[in-house]
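Sequences listed follow chains A and B, in order. Each residue of the first sequence is one higher than the last, beginning at 1 in our numbering. Each residue of the second sequence is one higher than the last, beginning at 1001 in our numbering.
For the record, the hints were derived by calculation from the structure and aren't laboratory data. The beta-carbon is built from N, C-alpha and C at its ideal position, and this holds for glycine as well. Take these hints with a grain of salt, some might be off.
What the hints assert, rightly or not - Covered stretches of chain A (in silico footprint by chain B; criterion: 3 or more residues with CB under 8 Å from a CB of chain B, positions within the stretch not fixed):
hint	segment
1	47–59
2	74–80
3	83–97
4	125–132
5	190–200
6	203–212
Unchecked claim - Each computed DSBU-like pair below joins lysine-lysine, with the alpha-carbon atoms no more than 30 Å apart:
hint	chain 1	residue 1	chain 2	residue 2
7	A	K109	B	K1412
8	A	K187	B	K1359
9	A	K61	A	K169
10	B	K1420	A	K61
To be verified - One side of the interface only, derived from the structure: several residues of chain A facing chain B at Cβ under 7 Å:
hint	residue
11	T62
12	I176
13	S181
14	E183
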Amino acid sequence: MERRVVLKNLGLAFGYVVAAPTLISIVQGCKNENGVVWTPEFFTSEEGNVLRKLVDVILPKTDSPSASEVNVHLFIDKYINVASTSEQKDLFKLKMSKFIALAKTNAGKDISKELNVEELEATLASCLKKSSDADTEANRIAMQSYNKAIADGDEADLDVKSGAAAFAKEVRGWVIHGYKSSEEIAKNFLAFDPIPGKFVPCGTITELTGGKAWA
Amino acid sequence: MGKFYYNEEQESYDAIVIGTGISGGWAAKELCENGLKTLVLERGRMVTHRDDYTTAHSETWDFPDNGAISPEEKAKQFKQARTGYTVGAATKQWFVNDLEHPYNEIKRFDWMRGYHVGGRSLTWGRQSYRWSDIDFEANKKDNIGVDWPVRYKDIAPWYDKVEKYIGVSGEKLGLPQLPDGEFEPMMELNCVEEVVKEKVAENFNGRVVTIGRTAHINSDKNFKGDGRSRCQFRSRCSRGCPFGAYFSSNSSTLPAAEATGNLTLRPDSIAYEVVYDEKTKKATGVKVIDRLTKEKIEFKAKVIFLCASTVASTSILMQSKSDTFPNGMGNESDQLGRNIMDHHLGSGARGKFDGFEDKYYKGRRPTGIYIPRFRNIGGDSNSTAFLRGYGYQGSASRGNWEEDIAEVSYGKELKDVILKPGGWTMGIMGFGEVLPYEDNRFTLDYNKLDEWGLPTVTFDAEFKENEWKMREDIKEQAVAMLKAAGCRDVLSYDNPGALGLGIHEMGTARMGHNPKTSVVNKNNQLHAVSNVYVTDGSFMTSSACVNPSLTYMAFTARAANHAAEQFKKGLV
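Build the full structure now, drawing on both the sequences and the hints.
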């Protein structure tokens, strides 16, 4: 892909200032099958690869951009890296590893890079399905014993099902948050008005925002 | 080294005001306007109206890392974070560093502070309600604590003066328990809140839903200060308002004081002692430590106003020891530090509201609805389960994806949902009166000193039976009113936190008739040292259930004019 186009897609078109290491990897990695290489800060490149596919399964391109088009994967990577403690980071990575393990089992594949969008979507769908009371309870107990093990300084683990389910829910929350708080979406696909100037207590949606939610 | 603003340093002053928050700003304005050369001391950094509101126009994407804050940064405000809303990327500059400013907790106490010019007048909730005689007479009637030496008629003209000056938008209701004031045009209720208002009036005898009385300009009327103008409905108030639409010391009282030419302001000055002269039996000045150089300096004045905030002002009195006052100035009654109060909050109910799917609002209204107290105000409102009462604050709004998410997990359907307004929800939360208890107190720990060598504060206070019983009623009545209003899936909640979380800490130097049982008299003067006035929340004898700032302002204005009269008569 032509370098200028890559730069435009990744950054300038969406007003996102791309960090220098990311720029270097774009320049170096134009041939990647997914368009561009992105060097995550928190995730491994393998995890980043899965994350980028997943964010677009959760919020695909329609009349509005897909999650990755507004750099939601960068947002998640950066935010967790900056804001989380090492314990929180460990737990997030553990949950993600369980999700990836489940996706590999479901798809009958050994390498996460080979997981395609359809396979990731199938696992995500199963993880996001409304869980039975028994499953919810099992997930709760799994988290409880994980936290206890951490507190006791023991080796902590989660079972695949609980970890994957927790990851799916959490990542969905991150994606929605990152998407709505991106400048591109807030300004162009939500109703954006930083200085409303007055308060209209009760009007019709059509008249006030053309059907959009306020950013 | 701290700097002097607006005037050069002087040999001595007519008055010294300690603190620049809600109370200190008013003391400064009134004293300066009465012609007194006034030095205002602030322990924290300088904050200039507008110029220093660095996040006022920032969107999420303007903050470094989208507003993510590192664990190391969070650790600096681990107690300030207990509110859940005070220390985000947009507002954390207004709250103290807990590592630099530690305090001790025998029992949990949430002490939320802002050390800078303007203090918490920059971040306050701006709810502004008058007390009534039901409040001023309560201690006497219930035989609790001591009686207030003040009644509504004494303070009403000062409420008038303050409201006219700061601008309070609200609705007149004619209620005996919540006297009306000099209001700016009210902000309006949205469609769902209007229904709740009707249904509550229909189903609950005498209960009223109104808009919050809020210290915002809501007209084109001209208000004094530094270029104040009407509310723009951004609801980014606690970042500092570049429009000066809500009242703060920075936008309003300090500029008024400065305009007289009588104001000298010295930030970075940590006051720790009021100096006492055994011969004249008067205070002669204030000792401070320069925050930056740690140098000790003494400033002289004829009148001293303690407006450093509840716990801080009382701490200064405790540290002001002399032969006459070995246990702290004004502490002959042993009441300093006792009867610490707050409002208890965090209990209430919320529900979903069907209908009005085609309706929405525009603008982020910086206030909610208010349901004034309806318990123990006479007649059939009296409860046998607890004393005093509570009010509710709340609002209706259209939510976002959370409400609709159960049916759509991901993909295109999810995307449609998150870009449209969700269903309506309505919630109300109680703010209840906390009784004064002598054993709810703080003391100073001289074994644990802060960076400036000053003793740290140790809290030992808790909610007691009356508060817990009141919370049960708050939940029950909240559920009943929301159900009557037509809400579905109504759920109550109860997150008590601890004393302090209301950020209405008050008491610890109470006002009363008798020097043996109280610290200040009806004019906010120390009983024993007539030229020392305490006019922040410290002087509060009971807490009522309404937000307290308007009352601090009214008492401060009254006390400052009293002091100015004394000064002019040569009595101080």
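Outcome of the hint check:
Here's how the segment 47–59 of chain A fares: 3 of its residues keep a CB closer than 8 Å to some CB of chain B, so the rule of at least three is met and the hint holds. Given as covered by chain B, the segment 74–80 of chain A passes the check, having 3 residues with a CB less than 8 Å from a CB of that chain where 3 are the minimum. Counting residues of the segment 83–97 of chain A whose C-beta lies closer than 8 Å to any C-beta of chain B gives 3; at least three are required, and the coverage claim holds. Counting residues of the segment 125–132 of chain A whose beta carbon lies closer than 8 Å to any beta carbon of chain B gives 4, which reaches the threshold of three, so the coverage claim holds.
Judged by the Cβ-Cβ criterion of 8 Å, the segment 190–200 of chain A is covered by chain B as claimed, because 9 of its residues qualify and three suffice. Taking a C-beta to C-beta cut-off of 8 Å, the segment 203–212 of chain A contributes 8 residues in contact with chain B, enough for the three needed, and the coverage statement holds. Between the alpha carbons of K109/A and K1412/B the distance comes to roughly 27 Å, so the proposed pair stays at or under 30 Å and holds. Note on K187/A and K1359/B: the hinted pairing holds, with a Cα-Cα distance of about 22 Å set against a maximum of 30 Å.
A distance of roughly 20 Å separates the Cα atoms of K61/A and K169/A; the hinted pair therefore holds under the 30 Å criterion. Taking the CA atoms of K1420/B and K61/A, the gap is about 17 Å. The hint holds against a cut of 30 Å. With a least beta-carbon distance of about 6 Å to chain B, the hint placing T62/A at the interface is held under the 7 Å criterion. Using the Cβ-Cβ criterion of 7 Å, the hint placing I176/A at the interface with chain B is satisfied: the shortest such distance is roughly 6 Å.
Of the supplied interface hints, the one on S181/A holds, with its beta-carbon coming within about 4 Å of a beta-carbon of chain B, less than 7 Å. For the restraint placing E183/A at the interface with chain B, the shortest Cβ-Cβ distance is roughly 4 Å, inside the 7 Å limit, so the hint holds.
Checked against the numbered hints given earlier, this structure breaks none of them.
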